[in-house]
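Peer 1: Top line first, the protein sequences correspond to chains Y and P.
Each number in the working numbering comes from the position in the first sequence (counting from 1) with 6 added on.
Each number in the working numbering comes from the position in the second sequence (counting from 1) with 51 added on.
In case anyone wonders, no lab produced these hints; they're calculated from the structure.
It should be emphasised that the depicted structure is a prediction, and the values quoted were computed from it without experimental measurement.
It is possible that some hints are incorrect.
[Unchecked claim] Calculated lysine-lysine pairs in the DSS-like style (CA-CA distance at most 27 Å, straight line):
(1) K347/Y <-> K260/P
(2) K175/P <-> K359/Y
(3) K175/P <-> K20/Y
(4) K322/Y <-> K359/Y
(5) K260/P <-> K359/Y
(6) K260/P <-> K308/Y
[Claimed, not checked] Which bits of chain P does chain Y cover? Going by a derived footprint, with three or more residues having C-beta under 8 Å, they are:
(7) 192–204
(8) 401–408
Note that CB positions come from ideal geometry on N, CA and C, so glycine has one too.
Here is how the chains run, residue by residue.
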Amino acid sequence: MELNRTKKPQPKGKISFTLPEVEKFSLDNGLEVLFVHKERLPIVQMSLIIDAGSRFDPNEKKGLSNLVAALLDEGAGGLNSLELSNAIESLGSVMSVSTDPDAMFISLLTLSENFSQSLDLYAKVITKPHLKEEDLQREKRKQINRIIQAKDDAGYIASVVFERLVYSQHSPYGLPEMGMIETIERITENDVRLFYETLITPQNSTMIVVGSIDKETLRHKLNIALLGWHTHLKPIISVHTQPREKTKIYFVNKEDAAQSEIRIGHITEGRNAPDFFAKSIMNSILGGQFSSRINLNLREDKGYTYGAHSGFNYNKVNGYFYVSAPVKNENTADSIVEIIKELKGILVYISEKELKFAKSAQVRKFPALFETYGQIGRSLANMIIYCLPDDYFNTFLDNIKKVTLEEAYGAARDNIFPDELVILVVGDRESLSPQLEKLNLGKITELDRDGNVIGII
Amino acid sequence: MNDLLKINYEKYTLDNGLEVILYPDKSLPILSANIWYRVGSANETKGKTGFAHLFEHMMFQGSKHVPKQMHFKYIQEAGGNLNGTTSSDRTNYYQSLPSNYLEMVLWLESDRMGFLIPALGQDKLDNQIDVVKNERRQRYDNAPYGLAWEIIFSRLYPENHPYHWPTIGYMQDISNITLSDVKEFFHTYYVPNNASLVIGGDINVPKTKELIERYFGPISRGLDVKEVYVPKTELTENISLVHEDNVQLPRIYFVWHSTKAYTEEDAALDILSYILSSSKNSRLYKSLIFEAEIAQDISAFQHSAKYGGSFVVVATARPGISLDQIKEEIFRELKLVIENGIRQEELDKAKNNIKASFIFSMQNLNSLVNHLNEYNFYFENPDSFNFDLERYQKIDTAALRSAAEKFLRKPCLELRIIPKSITQG
């Protein structure tokens, strides 16, 4: 048969995919464990998800959780920083501690043959960190320098200042997770201990294990390794939600910048809002993937940028909608105009074809979410952090498939507010201020690199 | 261990010269298709830099039977992901998607190999020139320390060396690229006899072979590709450069000519870089960051490619610390390695980590399949994981010390990137 290249070949048959089976059990100290048995390689991947993100930092000590994370593996269970690092490294294992606004993650990747020895060190970090004054002082100095360095990066400045604008500095989500120089300076050994004792506890954590190990062996070893790790009373955090306001434009000067960084968006509801699936479909049409409207317009049609995208950034309580684009200086105002046009556009027009495309992409990429040991772990971690139902992944495909055109419109109407935007530009004043003034979006407020108001342009 | 890294594959060549490697793995219902064209920025010439990379962009702009923007859409609609990358030596394109879309991927990949030019117009080229110039601004011109590598390579290698210019290309050269340049480039390098295709994942081997023959078989063979001319290079004396940037902390780079990818000494230098900067206990990290606290970050690595390699040490100074102090400390540590060698336990630790990282890297199909193409590119044998690991296991403390002595005693290039408007010091 002659090959006809003019027709796109259709998929052959259906694929069958079975979700990894998740087993749940509790340890003697109350810690919940989610376990996925996976034999393909002799690897075990563990992650402790602790409800101890930067939203628990007092605002005047922002950066505390990040610093606690940095300190946990700086000595534990009688081993100093160098001894501990040496012991892990000798096993070929990888341990890391990190934070985000909602959670702290203590992770371990190890070959199965070194599981027991690695677990022993991992458990020391969780249950017996030294948290010593001299280590704290050293980590504080490092953290302050990291903040200084980050301020060279226009993309970092834009993201941090934008979050401060949409959340406000009164929200526990408003200030950078890394902290600011003056807030890091205020942190004491006592703050670190209190954070550790009240938040890093079994009742406040969930352990996720994916790997080539037998469940009973795992349970037994975890029970021994985490013996003596107890729970204390946990502080309660209230989250202030700043209302949206009429569109306002902000500017941060970065002299001689070769590009402008644009962030546009506003506060929205949290991850658990009932229209989550419709929102996610709507966003993938608007700016959630390469072939979405915003990127095709700004990149493939106009050539203003190397890439532009939109998304919903969620936390446990609320979240925000954003469009992000680094653009050519001379097209900064043009880009803002085009982005606002796209935001208005999605409110009035979505085609059946676009809907079908977005749904198909999400449904079909589902199996790839469960490829590596780490990916399975991360998918489960999201369930924990956002308190998603146990059958979340089992019902995911149906939930995506049943989104209607009406619901996609509804998701746009209820979550995109083109007249209530925070517009932020980070770039070179000389080439930008005439352009931005012509936009007629009202007064332009100038901010410093931390987001403090300097004046009105 | 050795069994774990043994790959069950089949390799053959089509009549038109296209190399094909099939790697069945049924653990998930996905497949990964990965094609390498043996062309990179090393094939460019002075005044026409950035060509190979711009061309990579053009490959996503549709072809005779695939309308503009539809290449991305078709893959994404199928739930796949896709991208391409360009290095000095090769350009690769990869996508992974549900395994029932095998035929569509072969259709897309073969259409842009066989039928790109009929669909290529000035408007598409102008648009992608803009996009690439923005990419250059974003990743180099507007990035802190972003110009370091092009400054280094332009002085480390002479003007007629294929590694003299950056893969992204110079702004002026990118602007000047013409449609006829692009077409000529395509006919020279994007021919089946200059490419290798790997399909891995949930595939039926005989069926896949049949489809590959059907879609790629009719594409005509091109002329043989000329070898790149590579002049011998050596630094006869130290070079010191200073560049001012919009940064707050000064950074210093030391670069030595070393050796090509996959040689024995390449492995020795990889291990050396591990011992110098991979962890808190590594020599440079421990002395400059942990103990003296004079550097904010430090890294050492062996950067090796097809036609040459370099060994690099980079450190950023803490506020108030002079780069001279950092330099003195780095050279003190390097001298210790050169003169006294390293301890057996340091070597064992490095080897254990390299071994573990080989196994960890087998988790992801896209990266595994890309590795098969890379091994095929260098050794004409895709199943070289064990060979590659063995390179490292063979190194002993004497081999490591002699590699350090051979390369790091020679003249080096030093680049200081300092904050604007602060005088050198």
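Peer 1: Now tell me, hint by hint, if it's right for this structure.
Peer 2: Hints, one by one, checked against the model:
Of the supplied pair hints, the one linking K347/Y and K260/P is violated, its CA atoms being roughly 48 Å apart against a limit of 27 Å. Simply put, K175/P and K359/Y have alpha-carbon atoms about 25 Å apart, close enough for the 27 Å limit, and the pair holds. Of the supplied pair hints, the one linking K175/P and K20/Y is violated, its CA atoms being roughly 36 Å apart against a limit of 27 Å. Note on K322/Y and K359/Y: the hinted pairing is violated, with a Cα-Cα distance of about 33 Å set against a maximum of 27 Å.
The suggested pairing of K260/P with K359/Y is violated, with an alpha-carbon distance near 34 Å, which exceeds 27 Å. Between K260/P and K308/Y the CA atoms are separated by roughly 41 Å; this puts the pair beyond 27 Å, and the hint is violated. Coverage of the segment 192–204 of chain P by chain Y holds. Counting CB-CB distances below 8 Å, 4 residues qualify, and the rule asks for three or more. Coverage of the segment 401–408 of chain P by chain Y holds in this model, with 5 residues showing a Cβ closer than 8 Å to a Cβ of that chain against a need of three.
Checked against the numbered hints above, the structure violates hints 1, 3, 4, 5, 6; every other hint is satisfied.
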